[in-house]
Each structure stands twice: as C-alpha cells, then as structure tokens.
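Trainee: So the chains spell out like this:
Protein chains: 2
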Amino acid sequence: MRELSVKTDSKIVLLVLDGLGGLPLHPSGQTELEAADSPNLDSLAARSDLGLSRPVAAGVSPGSGPGHLALFGYNPLRHVVGPGVLSALGVGFDLGENDLAARLNFATLDESGKISDRRAGRIPSEKGAELVEMLNENIDLDDVITFVRHEKEYRAVAIFRGEGLYDALADSDPQRVGLGPLPVKPTEDAPEAQRSAALANAFVEQANEILKDQHPANTVLMRGFGMHPALPSFEEIYELDPAAIASYPMYKGLARLAGMELLKEGEGIAGEFETLRKNWDRHDFFFLHVKPTDAAGEDGDFERKAGVIEEVDAEIPGLLDLGPDALAITGDHATPAKLKSHSWHGVPFLLNSPYALPTAESFGERACAGGSLGELSAEEIMGLLMGHALKLNRYGA
Amino acid sequence: MRELSVKTDSKIVLLVLDGLGGLPLHPSGQTELEAADSPNLDSLAARSDLGLSRPVAAGVSPGSGPGHLALFGYNPLRHVVGPGVLSALGVGFDLGENDLAARLNFATLDESGKISDRRAGRIPSEKGAELVEMLNENIDLDDVITFVRHEKEYRAVAIFRGEGLYDALADSDPQRVGLGPLPVKPTEDAPEAQRSAALANAFVEQANEILKDQHPANTVLMRGFGMHPALPSFEEIYELDPAAIASYPMYKGLARLAGMELLKEGEGIAGEFETLRKNWDRHDFFFLHVKPTDAAGEDGDFERKAGVIEEVDAEIPGLLDLGPDALAITGDHATPAKLKSHSWHGVPFLLNSPYALPTAESFGERACAGGSLGELSAEEIMGLLMGHALKLNRYGA
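Chains as they are written, first to last, in our numbering: chain F, 14 to 410; chain S, 14 to 410.
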C-alpha cells in the first residue's frame with residue numbers, strides 16, 4: 014500500500030455503524046438491517062459493491078479495539094491493544110508511545126487482606142471521581158509520572174509515563190472474592206517488565222495507604238496492562254489526510270492511533286453528519302462513527318437498532334450530495350439484538366463508487382452474502398476504498 | 014483459540030459424510046446431495062448457515078488425512094501425516110510420538126530378483142494375517158522394537174519404536190513390476206534418516222528370509238514412511254472433552270490424533286447415531302463419521318451415494334432431538350461419482366445453531382455457494398462451531 018498509494022483530490026468516507034451486523038429473531042425472519050425502512054441505503058446498495066466483512070477470524074467476536082483496527086487496515090491479531098490503552102484513549106487521555114496504561118477497579122479489602130468485593134459495592138461515579146482525584150494527586154513513584162483518570166463508577170485507568178516501561182504484566186485482580194490481591198508479576202523475563210511490575214506494585218501499595226479510610230473502596234485492582242501500539246499512520250501508508258467524527262472517547266482514541274485528526278462532533282447522529290459537511294473541504298478521508306446501533310443491539314432491542322439505521326438512512330442523501338468518490342458503509346462487528354452482545358457474524362459491507370458492480374436492490378446481510386465482494390476480511394476494506402477512489406498505482410508493469 | 018476458549022455446558026456435533034461433495038453427471042443436472050430426497054436436511058438448511066468448504070487449496074484433492082486434519086482445525090499443509098501413520102492408526106495401533114511407521118505390501122519376487130506382482134496375487138486376508146504374524150514374531154532389529162500389524166489382504170504396516178528415528182525416507186516400492194525393489198534411502202542428509210533407512214533395509218532383508226518359502230507373498234515393499242504428528246489436543250486448544258464415532262480404523266486414528274475418545278460404534282449408520290445418543294451426556298463434542306458416501310462416490314455410483322445421504326437424512330430428527338447447541342454437517346472432501354475419486358471441489362457445509370443466518374430452503378452445493386458463509390476454509394469450521402456454541406470469549410476489549 015505504501016508503495017502504491019498516491020495523493021489525489023478524491024475523497025473517501027468510511028461510515029461505521031457500530032455493531033451493524035444482525036440476525037433474524039426467528040429463522041425465517043429478517044435481520045435488523047433487512048427490517049429497517051431504509052430506502053436511501055437500499056437505493057445506494059443497488060449502485061454499490063456488496064459483501065460480508067469478517068472482522069478477525071471465523072467464530073471470533075471482536076471487541077471494539079480489534080474491530081476498528083481491522084477496519085483501518087491493521088492486522089488485529091498482530092497489533093494487540095491492551096484494555097488499559099483503550100480505557101486511556103476512551104477517557105480522552107493523550108497517551109504517548111512510551112506510556113504504560115492499566116485498568117483500575119476500586120475494590121473492597123476485608124480485615125484479613127482478602128478481596129470481599131471486586132467492585133467496591135459499585136460506588137457511584139461521583140465517589141469514583143473523587144477517589145481518582147485523591148490518587149492522582151498523591152501517588153508519587155520514582156522515575157515515572159503517574160496519571161489516574163476516572164472512567165465510570167468503580168472503574169478508572171492509571172498511566173505511567175517514563176522510560177523503559179513494558180506491558181508484559183499479569184493482572185493483580187484475582188478474579189474472585191475471598192482471595193488476596195495478586196502482586197503484579199512480569200509475564201516475560203525482561204528487565205523492563207520487572208521494573209514495570211515493581212512500579213505497579215508500588216502504585217497499589219500507595220493507593221492502599223491513600224484509600225485506607227475509604228471503605229468500601231479501600232483498594233484498587235489493576236488489570237489489562239497495555240502500551241500504545243506504534244501503528245504507521247494513514248498518512249504514511251495511504252498518503253491520506255484523515256479526519257474522524259466520533260462521539261465516544263474510545264473511538265476517538267482508536268482513530269488517533271491511526272493518526273486521524275479529531276473533528277468536534279455535533280449533537281447526535283445528525284450532528285455528526287453536519288460536522289462532516291462543515292469539514293468536507295479540509296480532509297480527503299473521513300471516518301464517521303455511529304454508536305447507537307451497537308448500544309441497541311447490546312440491549313437486545315431489535316426495533317431500536319432498526320430505528321437507528323433508519324436515522325442514518327435519512328442522512329444518506331445529504332452525504333451523497335457532498336460527492337464522496339468512494340464511500341463504505343459497514344460495522345466493526347455484528348451486535349445482533351438476539352445475542353445482546355458482539356458476535357462473530359459477517360458484517361454487511363457496502364462500497365459505493367462509480368466503479369461498483371451492483372448485485373442487489375437492497376442493503377442487508379443476505380444481499381451482502383450474495384454480493385460481488387463475497388466474504389471479505391475487514392482488513393481489505395482500506396485497500397478497496399483506495400482502489401475505488403483511484404488512489405492506488407498499478408502494481409507491476 | 015487457546016486463549017479465547019471457555020468450558021461451557023453446550024454441546025457440539027461435527028457430522029462428516031465422507032466425500033459428501035459431488036457434481037452433476039451432466040451440466041444441467043443435479044449433484045448427489047441435490048438429487049437426494051432429504052427433507053430433514055433441507056428443512057435444517059432453511060434454519061442454518063450455509064457455505065462451501067475448501068479442504069486444502071484451490072484445485073487440490075485431499076486424502077482422508079489432510080481432509081480430516083483441516084476439519085479438526087489443524088493446518089493440513091503444516092501438519093503432514095505420512096500414510097504409514099494413517100495405516101498404524103487405522104489398525105488401532107497405539108502409535109507413540111517417536112515411532113516410525115511404514116506401509117507394507119506383500120509382493121512377489123521372481124527368480125531374477127524383480128518384482129513380478131506388487132500385491133502378491135492379492136492374497137486373502139487370512140493368509141495376510143498369518144504372514145504378518147510370522148514377521149511380527151521373527152523380525153529382530155538392533156536398538157528398536159518392531160511391530161508388524163495386518164491391514165487387509167496383502168496390506169500391512171510396520172512400526173519401529175526407538176530413539177532417534179526420522180521419516181525422511183523414500184519408498185522401496187518401485188511402483189512397477191519388472192523392476193527390483195529399491196533400497197530405502199534417506200531424502201534428507203540427517204544421521205537419523207541414515208539410521209532409519211538402514212533399519213528399514215534390514216527389515217526387508219529379514220522379511221525376505223522369513224518369507225522365502227511363501228510364494229507368491231515372498232517379499233514386502235515399504236512405502237509411506239511417517240511419524241506421529243504431535244498435534245495439540247482438542248482439550249488443549251478448545252477445552253473440549255471430545256468423542257469420536259467412526260466405523261473405519263483410519264478415521265478412529267485421525268480422531269485419536271486430536272485427542273478424541275473413541276466410542277464403540279453400533280452397526281451401520283443407524284448404529285453410529287445410536288452410539289451418539291447413548292453417549293450424549295458424557296462428552297461436549299462429538300465427531301461422527303459416515304463412510305459409505307465416499308465409497309459410493311469412488312465406485313461412481315451416483316444413485317447409491319444419494320441413497321446413503323437419504324439414510325443419514327432419516328437420522329437427522331433423532332439427532333436434533335438430542336438438542337446439539339451447534340451442529341455442522343459437511344464432508345472431508347468431495348468424491349463426485351462422476352470422477353470416481355476424491356476431488357478438489359468445494360464441500361457443502363451446513364451449520365445449525367440458534368444464531369444462524371439462513372439463505373436457502375435446501376442443502377446442496379449450489380445452495381451452499383450462495384450461503385451466508387460463502388466459501389470458507391475447512392480449517393475455519395472449528396472456530397465457527399465454537400463461536401456458535403458460545404464457547405469463545407470476546408477477542409480484545
């Protein structure tokens with residue numbers, strides 16, 4: 014890709030409806046996308062390439078991290094993003110390439126030193142934020158700067174900034190109550206991992222002192238250590254000047270991993286499309302992320318998920334008026350309302366350009382299964398977009 | 014898979030109709046599966062994911078070894094199983110990881126030392142067994158224990174057990190009559206291969222002495238040297254407690270390579286399904302192997318192959334009554350009656366679970382080609398089954 018990519022005036026839009034893929038509630042029924050009243054998407058499908066995108070591997074349900082890395086063209090098995098990194102990105106923390114991040118749970122330690130509640134009685138977010146502030150101000154470790162940021166309720170994230178850190182570390186969370194917290198141990202025999210483990214343990218020790226009177230939130234458990242994956246940027250790989258429109262911090266963070274500029278998004282789905290219009294002349298690649306499809310799927314709300322798709326459908330004419338040269342509409346994974354969770358199923362994929370080979374009259378899982386792209390790997394999508402936008406030189410003479 | 018697999022109560026069935034894939038006898042005709050009167054399979058297909066499974070590589074017709082390794086999720090190009098190993102497993106020999114196995118043919122040597130019959134006049138199985146016993150009792154090689162086991166008629170298998178053996182060896186069978194048997198030669202410049210070649214040649218020399226009065230079976234030809242591939246077991250990879258129901262020793266042997274427990278099968282196809290029912294509560298994964306589809310295909314008997322499919326069809330309601338959480342029905346390769354041999358064609362694949370996306374009203378090659386799984390690699394089947402049985406954790410946060 015690096016060798017073939019050329020800078021042109023053409024513009025690419027990657028519209029991601031999070032968790033778009035669905036399932037019929039009954040074997041003879043329709044999926045959320047098939048059931049949605051979406052005349053604009055259907056009419057677009059009739060002028061587009063269709064296929065089913067596989068995010069990671071057969072049978073494997075991806076998290077948002079690997080799901081988006083694959084959409085952005087990075088191999089999600091090679092580029093592993095630790096949960097701590099996603100949390101740090103998710104709260105909008107400006108994670109550096111040498112920073113080590115870990116998820117924190119506030120938890121309850123009983124008199125005998127055993128964990129009696131791994132979530133500290135699910136303390137409210139206000140309390141969580143207050144305790145995070147105490148940790149952030151008072152933790153003081155040698156040779157590293159420590160940041161603590163609040164996520165929600167009992168969840169937070171710690172970031173260590175310094176030289177020679179390494180994320181080959183096991184969790185301190187024993188995963189069960191009635192056990193003592195585990196010391197953080199290196200999972201590889203590397204001095205950087207030894208040092209990082211010592212820092213993490215010193216962090217917990219200081220946190221215990223700071224929190225000792227804060228029952229039930231009198232300790233923290235650390236898990237999901239990770240470091241910023243040093244991904245080559247979209248500019249390096251594709252010669253693109255990419256921008257991202259996303260309302261949730263984690264997706265903004267993922268976009269930043271690929272070197273995208275974050276655009277200030279408007280309110281709701283309509284607001285996101287409005288942001289796209291306002292910034293149309295300033296970039297040649299736009300990633301637009303719509304979250305509520307996934308949220309509805311996770312809630313098992315088939316109708317609401319279809320409704321979100323209809324809401325997006327209403328924005329399609331305005332999007333097409335901008336004249337994108339290549340437009341992909343897909344999801345990072347399936348979130349069928351039937352499963353109430355991310356799933357391994359193929360994700361509907363639509364690619365519109367003047368160079369498409371249409372095969373169906375509507376946008377839906379089954380239309381995509383029979384599409385001209387067949388089953389494709391999500392990692393291939395960026396290549397297809399670059400090709401359809403005429404941004405790739407011929408390979409070989 | 015190892016990292017994502019979780020132990021649950023759900024149950025998986027992998028039903029393999031050997032050589033299931035077929036072809037129309039005439040371009041406008043139906044395949045064996047399409048022509049079969051199989052209402053239960055058709056009705057199941059209407060509630061299932063469909064696809065065409067590719068066993069090894071485009072255009073490549075696999076043997077039973079690679080065909081099944083792929084179905085079991087092992088890369089058949091990386092894990093090469095020598096024919097000698099399949100024969101040893103096929104006769105139920107408990108092959109160890111350091112054992113070297115080779116296929117034997119009883120053959121006829123004329124007075125001038127040339128092979129006059131590569132199959133020793135196809136001696137009956139009783140005679141073959143008697144000669145095998147003579148070899149097994151009287152062969153005596155330095156530093157290795159030698160086992161000889163009978164397969165059928167003129168075919169047998171020799172196993173050398175000892176340290177430092179290696180299967181990089183060429184056959185002694187010259188593949189044509191009128192030529193002398195070849196000395197076994199190493200195909201790699203390794204001391205273990207030199208030593209193993211010397212052992213094989215000493216074996217033939219002793220066998221010639223033992224068999225000298227047994228015309229027409231007065232020599233043995235050795236071929237297909239192989240060693241046990243050290244495959245990670247289903248328990249290691251998938252946390253499954255797998256069982257196999259197969260009537261032919263080779264398939265039992267292949268199942269054992271994956272760590273499956275062999276269940277004593279009943280008589281014929283109905284007997285195999287009866288074994289499944291009897292053992293339903295004892296395992297969470299069942300491999301059920303049906304051989305006669307392949308045998309009919311090899312015989313070029315289109316009608317009989319369709320008939321075997323109908324016989325299996327009659328067992329489907331009973332199978333569904335057991336309530337498998339994920340059920341795959343496929344073949345290890347195609348054996349079209351039109352070709353009278355294994356072939357490279359896509360193999361019909363059906364996966365039934367509550368989380369399927371049905372696309373057709375019948376089970377057949379063309380319904381599968383348009384299915385929601387498209388063309389899939391046979392190696393992906395285990396991942397799909399694990400996903401549909403909800404036995405895989407999410408990948409990444």
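Hint data in this document are derived by calculation from the structure and do not stem from the laboratory. Some clues are possibly wrong.
Per label pair, the in silico range of CB-to-CB distance [unchecked claim]: (1) F/Tyr261 to S/Lys353: 29 to 39 Å; (2) S/Glu146 to F/Arg189: 29 to 39 Å; (3) F/Met14 to S/Asp22: 41 to 51 Å; (4) F/Tyr261 to S/Ala327: 46 to 56 Å; (5) S/Gly284 to F/Asp312: 27 to 37 Å; (6) S/Ser41 to F/Leu333: 38 to 48 Å; (7) S/Asp22 to F/Lys225: 38 to 48 Å.
Here are the simulated lysine-lysine pairs, DSSO-like style, with alpha carbons at most 27 Å apart [stated by the list, open to error]: (8) S/Lys277 to S/Lys291; (9) F/Lys24 to F/Lys165; (10) F/Lys198 to F/Lys127; (11) F/Lys265 to F/Lys353; (12) F/Lys351 to S/Lys353; (13) S/Lys24 to F/Lys351; (14) F/Lys24 to F/Lys291; (15) S/Lys291 to F/Lys353; (16) F/Lys304 to F/Lys291; (17) F/Lys127 to F/Lys165; (18) F/Lys353 to S/Lys20; (19) S/Lys304 to S/Lys351.
Backbone N, C-alpha and C define an ideal beta-carbon position, used for all residues, glycine too.
Trainee: Give a verdict on every hint.
Mentor: Checked hints:
1. F/Tyr261 to S/Lys353: 29 to 39 Å: 59 Å, violated
2. S/Glu146 to F/Arg189: 29 to 39 Å: Given range 29 to 39 Å: violated, Cβ gap about 59 Å.
3. F/Met14 to S/Asp22: 41 to 51 Å: 45 Å, holds
4. F/Tyr261 to S/Ala327: 46 to 56 Å: Since F/Tyr261 and S/Ala327 have Cβ atoms about 53 Å apart, the given range 46 to 56 Å holds.
5. S/Gly284 to F/Asp312: 27 to 37 Å: Violated - the Cβ-Cβ distance for S/Gly284 and F/Asp312, about 48 Å, lies outside 27 to 37 Å.
6. S/Ser41 to F/Leu333: 38 to 48 Å: Once the Cβ atoms are compared, 43 Å apart, the range 38 to 48 Å for F/Leu333 and S/Ser41 holds.
7. S/Asp22 to F/Lys225: 38 to 48 Å: 43 Å, holds
8. S/Lys277 to S/Lys291: Distance ~10 Å between S/Lys277 and S/Lys291 Cα, so the pair holds.
9. F/Lys24 to F/Lys165: 37 Å, violated
10. F/Lys198 to F/Lys127: 19 Å, holds
11. F/Lys265 to F/Lys353: 24 Å, holds
12. F/Lys351 to S/Lys353: 44 Å, violated
13. S/Lys24 to F/Lys351: 20 Å, holds
14. F/Lys24 to F/Lys291: Holds, at about 14 Å.
15. S/Lys291 to F/Lys353: 35 Å, violated
16. F/Lys304 to F/Lys291: With Cα atoms ~21 Å apart, F/Lys304 and F/Lys291 stay inside 27 Å; holds.
17. F/Lys127 to F/Lys165: Cα-Cα ~24 Å, so holds.
18. F/Lys353 to S/Lys20: 20 Å, holds
19. S/Lys304 to S/Lys351: 18 Å, holds
In the structure shown, a violation is registered for the earlier hints numbered 1, 2, 5, 9, 12, 15, in ascending order.
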